[in-house]
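Colleague: Make a model of the complete structure from these sequences and hints.
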Amino acid sequence: MDNNWPLWEIFVRSKNGLEHRHFGSLHAADEDMALENARDVYTRRNEGVSIWVVKSSDITASNPENNGELFEPAQDKVYRHPTFYKLPDEIKHM
Amino acid sequence: MKSEHLYNYILGIADNSLILGQRLGELCGHGPSLETDIAGTNISLDLIGQTRSYYQYAAKISGENKTEDDIAFLRLERGYKNVLLVEQPNTHFGYVMGRQYLFDVFHLLLLQELQFSKDQTLAAIAKKGIKEVSYHKRFSGDWIKRLGDGTPESTAKMQEAIDDLWPYTQELFDMTDADTAMAQEGIGVDVSKLKESYYKQVKTLLTQATLEVPQSTYFSRGGKNGVHSEHMGYLLADLQYMQRTYPNMEW
Amino acid sequence: MSNEQIKNLEEIFEARIARDEKIEAKDWMPEKYRKTHIRQISQHAHSEIVGMLPEGNWISRAPSLRRKAALLAKVQDEAGHGLYLYSACETLGISREELYQQLHSGKAKYSSIFNYPTLTWADMGAIGWLVDGAAIINQVPLCNTSFGPYARAMVRVCKEESFHQRQGFEIMLKLCNGSKEQKDMAQDALNRWWWPSLMMLGPTDAESVHTEQSMKWKLKRKSNDDLRQQFIDQTVPQADILGLTIPDPDLKFNKQTGSYDFGAINWDEFWQVVKGHGPCNKQRISARVAAWDNGAWVRDAAMAHAAKKEELKVKIAI
Chain A
1 MDNNWPLWEI FVRSKNGLEH RHFGSLHAAD EDMALENARD VYTRRNEGVS
51 IWVVKSSDIT ASNPENNGEL FEPAQDKVYR HPTFYKLPDE IKHM
Chain B
1 MKSEHLYNYI LGIADNSLIL GQRLGELCGH GPSLETDIAG TNISLDLIGQ
51 TRSYYQYAAK ISGENKTEDD IAFLRLERGY KNVLLVEQPN THFGYVMGRQ
101 YLFDVFHLLL LQELQFSKDQ TLAAIAKKGI KEVSYHKRFS GDWIKRLGDG
151 TPESTAKMQE AIDDLWPYTQ ELFDMTDADT AMAQEGIGVD VSKLKESYYK
201 QVKTLLTQAT LEVPQSTYFS RGGKNGVHSE HMGYLLADLQ YMQRTYPNME
251 W
Chain C
1 MSNEQIKNLE EIFEARIARD EKIEAKDWMP EKYRKTHIRQ ISQHAHSEIV
51 GMLPEGNWIS RAPSLRRKAA LLAKVQDEAG HGLYLYSACE TLGISREELY
101 QQLHSGKAKY SSIFNYPTLT WADMGAIGWL VDGAAIINQV PLCNTSFGPY
151 ARAMVRVCKE ESFHQRQGFE IMLKLCNGSK EQKDMAQDAL NRWWWPSLMM
201 LGPTDAESVH TEQSMKWKLK RKSNDDLRQQ FIDQTVPQAD ILGLTIPDPD
251 LKFNKQTGSY DFGAINWDEF WQVVKGHGPC NKQRISARVA AWDNGAWVRD
301 AAMAHAAKKE ELKVKIAI
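Chains as they are written, first to last, in the working numbering: chain A, 1 to 94; chain B, 1 to 251; chain C, 1 to 318.
To be clear, the hints were calculated from the coordinates, so they are not data collected in a lab. All figures in this text were calculated on a predicted structure; none of them were measured in a lab. All residues carry an ideal CB built from backbone N, CA and C; glycine is no exception. Heads up, a few of these hints could be off.
[Said to hold, decoys possible] Here are the simulated distance ranges between beta carbons: (1) Asp250/C - Val54/A: 49 to 59 Å; (2) Lys77/A - Lys127/B: 23 to 33 Å; (3) Val213/B - Ala296/C: 21 to 31 Å; (4) Asp250/C - Asn63/A: 19 to 29 Å; (5) Val54/A - Asn144/C: 42 to 52 Å.
[What the hints assert, rightly or not] Covered stretches of chain C (chain B as the covering partner; in silico rule of three or more C-beta atoms under 8 Å from a C-beta of chain B): (6) 131 to 142; (7) 177 to 186; (8) 222 to 232.
Modeller: Below, the structure written as structure tokens:
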């Protein structure tokens with residue numbers, strides 16, 4: 001049996017109104033310990049109001065080798081951005 | 001002095017935090033994982049922070065131009081009023097968590113009453129401490145469950161620690177003269193009344209942790225009156241080393 | 001992959017770094033890049049956790065409650081920094097346990113400075129002032145290094161580190177404004193920590209094997225000798241403020257260079273310590289090994305308990 005504590009990814013909401021952001025990782029045997037450790041490791045300078053912990057092995061990540069097909073097709077879709085559309089100068093707010 | 005009893009009462013509470021904080025501080029860098037080192041240090045820092053608030057208040061009412069450090073470092077062993085439980089050594093991690101939990105349950109019950117003290121300063125320190133100590137209790141309780149209901153080896157070790165620490169629990173509920181006087185004035189807490197709730201909580205957790213509740217009816221006491229265990233002298237030798245070797249200096 | 005293809009990938013990779021792009025853990029990287037990073041980041045992490053020991057020594061003997069709390073918080077930060085760095089290293093496909101094994105077996109190195117003993121309270125001041133001062137000089141440029149996880153860990157480390165050096169200097173200042181015994185204690189600490197602090201910034205450029213490649217990968221922005229000069233130039237005036245004497249009779253301000261010239265460093269001592277024969281090498285590693293071995297039953301118990309809880313959850317679900 002592998003007795004090493006698994007790795008967890010820690011997400012912290014710095015204050016209400018903001019999203020949880022990835023802060024780092026740590027080791028813990030279970031989710032309760034992961035939460036407690038996250039509190040002690042990542043919020044001891046008052047950095048957070050809410051914590052998520054996710055087992056690193058539960059995260060599915062895209063493969064950078066596929067970055068071309070995944071992300072590059074979005075690069076030339078300029079019509080998704082407001083600056084693509086020309087308006088007369090008289091219109092100030094749109 | 002405004003009140004000898006009040007002064008002694010504050011020290012009776014604060015010394016527990018100081019000595020337990022000192023014990024936890026010895027462990028920093030030597031725990032079973034980096035994560036537990038960081039957690040243990042946080043508890044130690046909470047306790048030392050509480051100690052400072054109490055001592056600063058005690059220094060103020062002593063009327064003798066004392067500082068928090070005079071009170072922390074310059075008493076004879078007999079003058080320290082902490083219970084025997086908190087001075088017990090870090091024999092292994094089971095003892096560390098066992099000592100912590102057996103104290104945390106009491107500590108939280110105490111602060112939950114002390115927050116209603118007629119003494120505004122004590123009430124304020126207690127209110128702040130409740131949040132910290134609630135976390136300590138959750139942390140140590142979780143660990144007792146893990147170690148109690150972990151591997152056969154850990155169950156045996158956790159049981160050993162609980163059995164050895166159990167005899168120090170009754171002293172928590174002894175009333176000193178200062179306790180009695182302050183309880184009568186509505187400043188202090190009648191700790192003897194916390195006993196029932198304490199043992200109920202502790203027994204529930206031990207059962208959850210698949211541990212035996214010790215049946216021993218032999219209890220050790222003395223710390224509250226300054227009569228400590230052999231461990232205390234060594235602890236104080238470390239704690240007081242600088243202040244004793246270099247008297248009357250600022251650091 | 002053919003050698004040709006790898007060479008092509010390597011060129012693209014180096015060009016990305018040259019353009020200041022960050023490399024993330026899952027990106028393709030040359031094997032040498034991976035290995036070099038594992039070595040440097042883990043060495044850095046080991047230095048943090050071995051570094052907890054000489055200062056941890058004094059937590060129980062700190063002379064005031066205020067100092068005790070500050071020192072505890074500082075040593076705790078070092079544990080945190082070790083943790084951030086081990087995590088960054090783990091993204092490269094090596095576990096913390098493997099890294100610990102390398103430390104315990106003596107295969108991995110850590111900063112030589114932590115093999116010196118902490119003999120007095122003033123050593124807490126000297127370590128914060130000098131050792132952390134030298135470390136910051138090394139670390140700030142790493143916030144911009146090419147490997148994303150390392151750079152992010154360093155941003156966090158540097159942010160937290162900022163109180164460490166101040167804490168050390170404040171200890172020294174208090175001693176220097178105190179009694180004769182206190183001032184002597186401060187001078188004695190400076191005498192013992194000055195040269196090891198200079199050595200800590202690494203061998204001279206002529207003898208440093210990794211520098212060129214490390215510069216390219218932004219693992220290093222300045223050479224060891226440049227860092228050392230920077231450290232000396234910023235520290236000497238601070239010693240003047242303290243009223244302490246730097247233990248180097250050859251130390252002299254050079255008007256032409258605008259820097260301090262300094263005496264010869266005893267590199268034999270440095271290599272002796274690096275090779276494991278410093279005053280405390282054995283003691284430091286033994287302490288780490290003992291912590292790990294004595295904690296094995298605790299870590300095992302936590303895993304066994306987690307498995308039981310998981311089983312129970314499944315049962316309830318059925």
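Colleague: Each hint needs a verdict: does it hold in this structure or not?
Modeller: Here is what the structure says about each hint:
Between Asp250/C and Val54/A the C-beta distance comes to about 57 Å, which sits within the given range of 49 to 59 Å. For the pair Lys77/A and Lys127/B, the supplied restraint of 23 to 33 Å is violated, since their beta-carbon distance comes to about 57 Å. A C-beta distance of roughly 28 Å is found between Val213/B and Ala296/C, which places it inside the suggested range of 21 to 31 Å. Range check, Asp250/C to Asn63/A: Cβ separation about 58 Å, and the 19 to 29 Å hint is violated.
The beta-carbon spacing between Val54/A and Asn144/C, approximately 28 Å, falls outside the hinted interval of 42 to 52 Å. As drawn, the segment 131 to 142 of chain C meets chain B at 0 residues by the rule of a beta-carbon pair under 8 Å; below three, the given contact is violated. Requiring three or more residues with a Cβ within less than 8 Å of a Cβ of chain B, the coverage given for the segment 177 to 186 of chain C holds, as 4 such residues are present. Given as covered by chain B, the segment 222 to 232 of chain C fails the check, having 0 residues with a CB less than 8 Å from a CB of that chain where 3 are the minimum.
Hint violations for this structure: numbers 2, 4, 5, 6 and 8, all remaining hints satisfied.
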